[in-house]
Amino acid sequence: ETGVTQTPRHLVMGMTNKKSLKCEQHLGHNAMYWYKQSAKKPLELMFVYSLEERVENNSVPSRFSPECPNSSHLFLHLHTLQPEDSALYLCASSQDPGLESGELFFGEGSRLTVL
Amino acid sequence: AQSVTQLDSQVPVFEEAPVELRCNYSSSVSVYLFWYVQYPNQGLQLLLKYLSGSTLVKGINGFEAEFNKSQTSFHLRKPSVHISDTAEYFCAVSEWAAGNKLTFGGGTRVLVKP
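Chains as they are written, first to last, in the working numbering: chain A, 1 to 115; chain B, 1 to 114.
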């Protein structure tokens with residue numbers, strides 16, 4: 001496998017469920033990101049991990065819990081979500097934490113629907 | 001704080017016609033600038049980037065963009081579009097020494113008509 005892989009591609013869950021989104025990058029990068037893409041809104045940065053440490057948390061509700069066990073894997077644990085959390089969740093990775101190399105590599109996203 | 005404005009939410013264009021997508025940014029410091037493309041049911045892919053040097057940047061698939069510091073703009077152009085260019089295009093900015101923070105504009109949806 002190459003690039004950034006996200007699973008599952010589609011997820012439907014009730015408000016009381018607990019689920020997780022998984023992201024894996026095969027590019028040897030040292031920074032990973034979670035973005036939320038909602039209809040008619042700009043992409044929202046949720047979390048950033050650099051060298052497996054969280055360096056950015058943009059006031060995301062605690063019902064979203066990230067986990068980065070190593071530089072190749074990133075999870076987003078979901079619990080007690082609301083219907084307005086329905087969105088496309090995009091994972092990305094980059095080589096340099098400071099973005100000097102200038103590029104994020106994105107996965108294809110996990111489409112989440114909360115009923 | 002940085003911000004990005006894409007003035008057009010949708011741009012319909014006929015095949016083989018030129019297209020320009022507008023992007024303006026706001027920042028108090030020097031920036032890096034990017035254009036990403038998102039095809040249906042896919043993630044974002046880098047089209048081109050401006051880090052330094054020449055203000056005219058060429059990217060993949062025949063796209064180019066010009067950095068204008070005085071107007072704080074980074075407009076994207078293609079002289080002749082194809083049906084396959086139908087997608088959503090995102091302008092993004094990162095401030096120097098700001099770490100991992102990449103701010104995206106709201107996106108411009110391009111629909112190429114035959």
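Everything labelled a hint here was simulated from the structure, so no lab data went into it. Nothing here was measured: the structure is a model prediction, and the numbers come from that model. You may find that some hints are simply not true.
To be verified - So these bits of chain A aren't anywhere near chain B, every CB distance computed over 10 Å: (1) 6; (2) 42; (3) 79; (4) 80.
Stated by the list, open to error - Restricting the straight-line Cα-Cα distance to at most 20 Å, the calculated cross-link-like pairs of lysine to aspartate or glutamate (DMTMM-like) are: (5) B/58 - A/52; (6) B/69 - A/53; (7) B/113 - B/16; (8) A/40 - B/16; (9) B/69 - B/85; (10) A/40 - B/95; (11) B/58 - A/53; (12) B/49 - A/24; (13) A/41 - A/85; (14) B/101 - A/84; (15) B/101 - A/56; (16) B/101 - A/103.
For every residue, glycine included, the Cβ atom is placed at its ideal position computed from N, Cα and C.
Hint check:
| no. | hint | in the structure |
| --- | --- | --- |
| 1 | 6 | 8 Å, violated |
| 2 | 42 | 5 Å, violated |
| 3 | 79 | 25 Å, holds |
| 4 | 80 | 27 Å, holds |
| 5 | B/58 - A/52 | 34 Å, violated |
| 6 | B/69 - A/53 | 35 Å, violated |
| 7 | B/113 - B/16 | 9 Å, holds |
| 8 | A/40 - B/16 | 28 Å, violated |
| 9 | B/69 - B/85 | 27 Å, violated |
| 10 | A/40 - B/95 | 24 Å, violated |
| 11 | B/58 - A/53 | 35 Å, violated |
| 12 | B/49 - A/24 | 25 Å, violated |
| 13 | A/41 - A/85 | 13 Å, holds |
| 14 | B/101 - A/84 | 24 Å, violated |
| 15 | B/101 - A/56 | 8 Å, holds |
| 16 | B/101 - A/103 | 12 Å, holds |
Of the numbered hints listed earlier, those contradicted by the structure are 1, 2, 5, 6, 8, 9, 10, 11, 12 and 14.
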